[in-house]
Structures are given as structure tokens and as C-alpha cells.
Amino acid sequence: GDSVTQMEGPVTLSEEAFLTINCTYTATGYPSLFWYVQYPGEGLQLLLKATKADDKGSNKGFEATYRKETTSFHLEKGSVQVSDSAVYFCALSDQSYGKLTFGQGTILTVHP
Amino acid sequence: DGGITQSPKYLFRKEGQNVTLSCEQNLNHDAMYWYRQDPGQGLRLIYYSQIVNDFQKGDIAEGYSVSREKKESFPLTVTSAQKNPTAFYLCASHGGQHNSPLHFGNGTRLTVT
Chain A
473 GDSVTQMEGP VTLSEEAFLT INCTYTATGY PSLFWYVQYP GEGLQLLLKA
523 TKADDKGSNK GFEATYRKET TSFHLEKGSV QVSDSAVYFC ALSDQSYGKL
573 TFGQGTILTV HP
Chain B
13 DGGITQSPKY LFRKEGQNVT LSCEQNLNHD AMYWYRQDPG QGLRLIYYSQ
63 IVNDFQKGDI AEGYSVSREK KESFPLTVTS AQKNPTAFYL CASHGGQHNS
113 PLHFGNGTRL TVT
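Line by line, the protein sequences are chains A and B.
According to our numbering, the first sequence is numbered sequentially starting from 473.
According to our numbering, the second sequence is numbered sequentially starting from 13.
One or more hints might be untrue.
[To be verified] Just a sample of chain A residues kept apart from chain B, beta carbon distances all over 10 Å, derived:
| id | residue |
| --- | --- |
| 1 | ALA499 |
| 2 | LYS549 |
| 3 | ASP556 |
| 4 | LYS571 |
[Unchecked claim] With a cut-off of at most 25 Å between alpha-carbon atoms, the simulated DSS-like pairs for lysine-lysine come out as follows:
| id | chain 1 | residue 1 | chain 2 | residue 2 |
| --- | --- | --- | --- | --- |
| 5 | B | LYS95 | B | LYS69 |
| 6 | A | LYS571 | B | LYS83 |
| 7 | A | LYS524 | A | LYS571 |
| 8 | A | LYS532 | A | LYS549 |
| 9 | A | LYS571 | A | LYS528 |
| 10 | B | LYS82 | A | LYS571 |
| 11 | B | LYS95 | B | LYS82 |
| 12 | A | LYS549 | A | LYS524 |
| 13 | B | LYS69 | A | LYS571 |
[Unchecked claim] Here are some, though not all, of the chain A residues that point toward chain B, as calculated from beta-carbon distances under 7 Å:
| id | residue |
| --- | --- |
| 14 | GLU514 |
| 15 | LEU518 |
| 16 | PHE574 |
| 17 | GLN576 |
| 18 | GLY577 |
To be clear, the hints were calculated from the coordinates, so they are not data collected in a lab.
The beta carbon of each residue, even a glycine, is placed where N, CA and C say it ideally should be.
With the hints as extra help, turn the sequences into a complete structure.
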């Protein structure tokens, strides 16, 4: 079946540091890939998505490129802020409807 | 503003009691979902419904039940048969367009003692 593996957390960075959160996937078809973010006490919000190989999703300074050859969708940001502290989830959808397979989540803490 | 409302935000129950979590959406979405979130395990799908009066089991449906009598509402009942009910429960909806994202509510944290 489909699966998503994220890098082990938690990740702790200083403000303005470079961020990478690794995500790899296993899927039988041609999935769409997503990054969701969860702030404390809230539900998940879509951060960015990519629907086919070599697509780059971007939003709020975050980027991720759909790499079919390495089955990866790593999240990056050049300069993190304290307000980026949250839990980040990588997910895939291998069907036309909204059934997603999620990774285990990565907790990011950014210190001033 | 359109969105998904989950209530209550915090819920406490004694072991052996059934409890129902509310989920209402005004996005006019056909599909609705219930996920369970546990620390370090990501989200796991409990039940989903693609249309009124129809629903399917997800990956961890045992000990849960749902109903979908109205398009706007998809309540989840956590029964006494659920062995580890304490968790954060998230409701979501989907508009049906290919590759469009899930919209999530803010969740209900259920504690059973």
C-alpha cells in the first residue's frame, strides 16, 4: 500500500536558519503530494502541493519539488522565523478524492 | 466565512461511555472524513463519506461509528468498544475536484479516564 516517511524530529533551529524536512513516499500510481502545517491546538492547513513529477510547490517562502526518480518531496525554507514553529506533515493522494496518506509529522521549533 | 466547525474543543468521558463528536461544514462539500491523530503517528483515517447516506470504513474503524444524514454534518461516535479512545480527532472535507486539498476543522481533544 501507499506510505509516506518523514525525517525523525523534533527539529530545533535558530531564527533565519535554513530548513529542510525530508519526505519520501511509496505509491503504486502517480500520486499528488502535499505539505500540511499544524499550529498548536489547531487543525491542519495546506501549505503547498505538487501534482506531477518535477512540479515545484511554493508558499510563504516554503518550497518542495516532486522528484519521481527519488520518490521524494523534501520541504525547504531559506530563512525560518519563530512563527514557523509548528508540526509539518507530508502526505500523498493516489486517488481523485481526498483520501490522503500522511507521514508521522515533524515538529519544528524555531528560537529567536 | 466558510469552514468546518468541530465541537467541543475538549471532551472528557469516563471509560465505558459512548461519546459523539460533532462536525459541521458550510463549504458545500460532498466528501467528509474523520482522522485520528496520536503523537508520533501522524493521522489515520477512521471513516469517510463521499455522499449523503453513504460512508466507508477507513484504516482504523473498529470501535467507531458515523452517520451522514445531511450534507453539512458528519458526527463521529466513539463507542466503549474502542480500546484506546484518548486522542485528537480531526474532521475534514473535500470539494471533489481532482488534487484539491482537504479542509480541516480545528479538532476535538478527547480524554477518556
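Right, here's what the structure says about each hint:
no. : hint                : verdict
1   : ALA499              : 14 Å, holds
2   : LYS549              : 20 Å, holds
3   : ASP556              : 19 Å, holds
4   : LYS571              : 7 Å, violated
5   : LYS95/B - LYS69/B   : 17 Å, holds
6   : LYS571/A - LYS83/B  : 18 Å, holds
7   : LYS524/A - LYS571/A : 17 Å, holds
8   : LYS532/A - LYS549/A : 9 Å, holds
9   : LYS571/A - LYS528/A : 22 Å, holds
10  : LYS82/B - LYS571/A  : 20 Å, holds
11  : LYS95/B - LYS82/B   : 29 Å, violated
12  : LYS549/A - LYS524/A : 21 Å, holds
13  : LYS69/B - LYS571/A  : 12 Å, holds
14  : GLU514              : 5 Å, holds
15  : LEU518              : 4 Å, holds
16  : PHE574              : 4 Å, holds
17  : GLN576              : 4 Å, holds
18  : GLY577              : 5 Å, holds
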